[in-house]
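Asker: Work the whole structure out from these sequences, hints included.
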Amino acid sequence: MTGRPRSRQADLPPFLAGYGLQPGVADELFAADGSLRAVWRPFIDQLSRLTPDEIAAHFARGDRYLRDAGVFYRQYSAEAQQERDWPLSHIPVILHDAEWEAICDGLAQRADLLERVVADLYGPAQLVRDGHLPADLVAGNPEWHRPLVGVAPASGHFLHFIAFEIGRSPDGTWLVLGDRTQAPSGAGFALENRMATARIFPEPFPRTNIRRLAGFFRAFRDAMDALPGAEGRRTGVLTPGPGNDTYFEHAYIARYLGLPLLEGEDLIVSNGAVQVRTVSGPQPVGVLWRRLDAAYADPLELDEASHIGTPGLVEAIRQSNVNMVNALGSGVLETRAFLAFLPKIAEVLLGAPLKIPNIATWWCGQEAERAHVRDNAATMFIGEALSSGLPFDIGGTGAGARRLQAEDVTEARGRRLVGQEAITLSTTPAWVDDRLVPRPMSVRVFAARTAQGWAFLPGGYARIGHTGDAGALSMQYGGSVADVWIMRDAPVPRETLLDRSSFRREDVGALPSRAADNLYWLGRYVERAEGAIRLLRAYHLRLAEGSGPGDAQMVAIGALLSRVALDVGQPAHLALSPALRAAHVCAGKVRDRFSVDGWAALADLTRHLEDMSGSTLAGDETARALGILLRKITGFNGLVHENMHRTSGWRFLTFGRAIERADNAALVVAAAIGGDAASGLHDLALEYCDSRITHQRRYRVDTTRETLGDLLVLDAYNPRSVLFQITAMRRIAEDLPGARIDGRVSPVLARLMPLETELAVAEPRALSAERLDALRATLADISDRLTAAYLI
Amino acid sequence: MRYSIRLTIGYRYGAPSDHVRNLVRLLPSDQAGRQRVLARRLLVDPAPGERREATDFFGNTMTAMAFHRAIDRVRLKLSATVERQAPADVLDLSPGLRALRGEVADHRSLDARAPHHFMGPSARIDADAGIADFATDVTAGARTVRDAVGALGRALHETMRFDAGATDVHTRPGAAFAQRSGVCQDFSHVMIAGLRSLGIPAGYVSGFLRTLPPPGQPRLEGADAMHAWVMAWCGTETGWVEYDPTNACFVGLDHIAVAYGRDYADVAPVKGMLRSSGVQDSDHAVDVVPL
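Residue numbers (the working numbering), protein chains in the order written: chain U, 1 to 792; chain R, 1 to 291.
Derived from the structure by calculation, the hints contain no laboratory data. The structure presented is a predicted model; accordingly, all values stated were derived computationally and were not measured. Treat the hints with caution; some may be incorrect.
Covered stretches of chain R, as calculated for chain U (at least 3 residues, CB under 8 Å) [stated by the list, open to error]:
no., segment
1, 36 to 46
2, 57 to 71
3, 109 to 116
Every residue, glycine too, gets a C-beta built ideally from N, C-alpha and C.
Answerer: Listed below in structure tokens is the structure:
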């Protein structure tokens with residue numbers, strides 16, 4: 001670095017010593033004349049009052065918040081995708097409100113222009129006829145979707161929620177680097193970054209002067225609710241699912257806005273109307289905030305290979321029966337090569353130049369432009385014309401990728417290439433080794449269409465390079481992200497998502513069938529894991545007490561364990577991991593329905609299991625580790641059952657737990673009463689059902705088949721007995737949709753009610769292993785009936 | 001020439017399927033100067049719960065239908081009367097390959113038959129070096145674009161073997177060409193890939209052939225099922241020509257068109273997505289008789 005230290009101002013704190021500015025690069029913290037920008041002054045003063053240790057402690061608070069909230073992103077590497085900690089750069093980017101308003105004014109003009117362009121491309125295509133946009137760039141564009149041509153959006157607009165990537169050029173002015181019109185991500189992350197920085201810098205000043213984010217989301221939600229036909233129908237967030245790199249954000253923003261998170265298979269199209277499949281039957285959908293790329297949205301009319309779409313969605317759109325935010329096909333505006341033509345198109349359509357220019361771009365399909373790019377290749381990024389990537393993505397950092405050179409710009413390849421001016425982005429401070437250093441940055445700005453015009457999120461999502469090189473901005477390559485503070489000179493009034501003046505109680509709507517299915521299986525898997533832990537612990541306790549693996553009792557326990565697919569020869573963490581992993585997968589698919597605490601408890605459970613791997617010894621040590629695991633799983637259950645709203649979601653989760661618990665108890669008791677007391681399984685059954693003390697107190701005799709059956713199967717008041725669970729299931733089934741229609745009970749109740757009666761009147765001595773096996777078969781049938789009635 | 005066309009397609013599912021939705025492109029349409037549809041009817045059994053006809057981007061008639069109750073089979077019956085107009089004897093006025101590039105660039109339109117749509121790649125056809133080299137070789141002597149179309153079509157017919165068992169509906173053109181065999185879909189995809197590699201806009205046509213040839217002429221390959229061939233854009237003056245690589249001929253009176261698109265994905269006769277179980281078996285019969 002050829003920088004000169006910013007020591008001109010005597011009052012600068014030590015952590016700014018050596019903040020090396022580079023010639024020809026604008027900086028956010030320091031003005032061109034070397035003075036600290038006024039808008040940063042309060043923040044720098046605040047930071048300078050902290051010792052390095054205090055600063056580290058502040059940062060740790062933010063990191064802890066993000067970890068506890070479960071914020072992560074997926075990283076794609078050659079081997080596999082991994083979830084990584086959220087790379088927050090703790091120092092915010094600070095901009096003055098006056099500068100911000102000018103940016104928003106310019107971007108509002110651009111948003112209107114983009115709407116005009118996309119309406120033309122799916123309408124008369126006059127821009128092509130008049131030669132303002134080459135036909136080749138549209139017709140050859142994978143994001144120009146022919147089935148949508150001639151289809152006017154129900155809402156009257158193509159664009160409702162968009163983003164712009166902007167950066168500051170060396171002369172201090174702003175440039176648009178790319179448009180995000182398909183399904184922009186980052187607004188939810190911007191919220192999370194703000195939550196984190198609020199914990200890092202809790203002091204009231206300068207926080208009171210920072211513009212708040214909630215009002216923007218409220219305005220956006222109100223705008224969606226006001227779209228034509230939205231009333232009385234549901235608004236949902238349409239996600240590609242947990243495999244997507246921004247799925248966390250989809251779940252987060254859905255929960256924040258109080259909207260259901262839907263996948264393509266949640267939706268059906270019937271008579272041209274979109275419906276969501278719920279446990280109460282299909283319900284109409286009026287608005288979809290689409291986070292799914294258009295190509296995947298409908299396998300019938302768009303990409304036929306898509307497995308995550310909804311057949312018929314395009315037909316519903318053609319019949320103007322659903323509002324898409326944004327319209328399918330809007331992604332065409334992200335095309336890199338369009339940046340070469342938009343400045344001229346602005347003059348043609350708006351009669352005025354762009355208020356904020358975009359990065360200079362030349363399409364190599366034209367002879368003169370091709371020559372220009374070839375002659376100036378050294379100062380350009382050369383990349384794919386139809387890509388939606390930002391200039392810095394060009395050339396990639398992926399292995400083997402080669403930056404395109406002048407000789408690549410041939411006549412044959414030219415129509416698929418652009419050259420873009422290699423501008424140097426401004427730098428902003430990042431905290432490295434106890435001091436601030438300049439790092440390149442760009443900012444993503446979000447805009448939502450409202451009745452009053454475009455509303456902008458007063459803040460944003462900044463990407464920070466991890467070295468001085470602008471090419472390192474992408475998170476995938478080790479860059480980080482930062483909060484953006486828009487500062488006013490005076491305090492800003494507080495606001496939240498809930499508008500107090502217009503309080504209304506949201507109708508939560510019926511639970512989508514897929515979410516119900518995942519909750520049901522989450523309940524089952526967690527209970528299955530708990531059962532497995534109890535059995536394994538019983539085995540290891542006996543080992544610790546001196547039993548040998550070859551003892552008859554231990555062999556019997558081993559045989560029982562193998563019936564639930566547990567191998568006593570295997571380390572405990574490996575034996576348990578399938579059930580817990582399955583629980584985690586189910587939970588991940590309904591993340592939007594979980595409290596942060598519930599999610600954290602589940603993550604904690606998984607972490608503890610991982611800690612067990614390695615050197616835990618069989619016997620006492622394993623038994624103790626399993627005891628801890630048992631308490632943690634009980635903690636998760638407690639959180640869910642104490643705190644979860646008693647709506648359909650809770651019912652399916654609890655039903656799943658009850659049916660699994662009844663099934664496991666029946667299995668263990670059947671094994672116990674099938675053998676004699678000497679087999680050791682009598683004791684195990686009591687231990688498994690946590691009922692040893694009750695047994696001692698009540699019967700004052702050794703266990704017999706009758707006392708076991710009485711306490712563990714037929715006792716209506718023992719929360720671990722089979723009958724207790726059957727009663728719990730029957731009560732829940734009474735509250736499920738369609739439990740009774742014209743006096744007739746649902747298929748689920750039709751099986752549960754006789755079973756409950758049978759157990760209520762049964763005599764303990766009449767219980768046999770065979771009868772318990774038959775009971776388990778009935779439970780399996782009840783599960784099938786529940787699935788058929790509500791979950792598919 | 002006037003034809004009576006009858007087609008039946010049947011599908012049977014392994015188990016009753018819920019929410020079956022299909023998109024069907026079987027009804028032929030009027031094509032100015034090429035064919036006139038005098039009557040057309042598509043019967044569906046069992047009757048779908050909903051059904052709508054619409055025109056797609058390329059001008060084809062598509063029938064969208066959905067079944068509101070579970071079904072375990074579907075039968076589609078098409079009957080149509082189509083008059084095929086005789087193609088005019090054309091003088092080859094098409095430009096050379098180099099000049100064609102300029103004519104494409106000068107064409108400022110996104111209309112259904114604008115050449116830009118057909119430059120590729122498309123869903124089922126991506127660039128393939130083997131096909132491109134072959135296309136360059138066999139068209140080296142071609143003076144005009146139309147010459148090149150005929151030369152590539154003839155060469156493919158000589159090189160590739162018609163084999164109904166060699167490929168399936170998902171075979172990529174590169175794979176079909178590598179094994180030098182396939183059915184009309186593969187011949188057409190390979191030829192389109194070759195034409196596009198030469199810079200000639202090319203698309204896919206689905207349709208019918210007359211079942212029995214005129215007296216004294218050989219029966220055409222592909223007449224016992226729906227057929228496919230190629231269209232190529234030969235410059236502003238000549239416009240689109242159609243070529244059948246499976247039979248090595250420019251398309252004549254025997255070819256009745258149903259749908260036009262960039263490749264099979266745009267014109268597939270029946271598209272449908274099944275949520276639960278797959279298609280167990282299907283049958284397909286065609287009868288095209290001159291009236």
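Asker: Which hints from the list above does the structure break, by number from lowest to highest?
Answerer: 1
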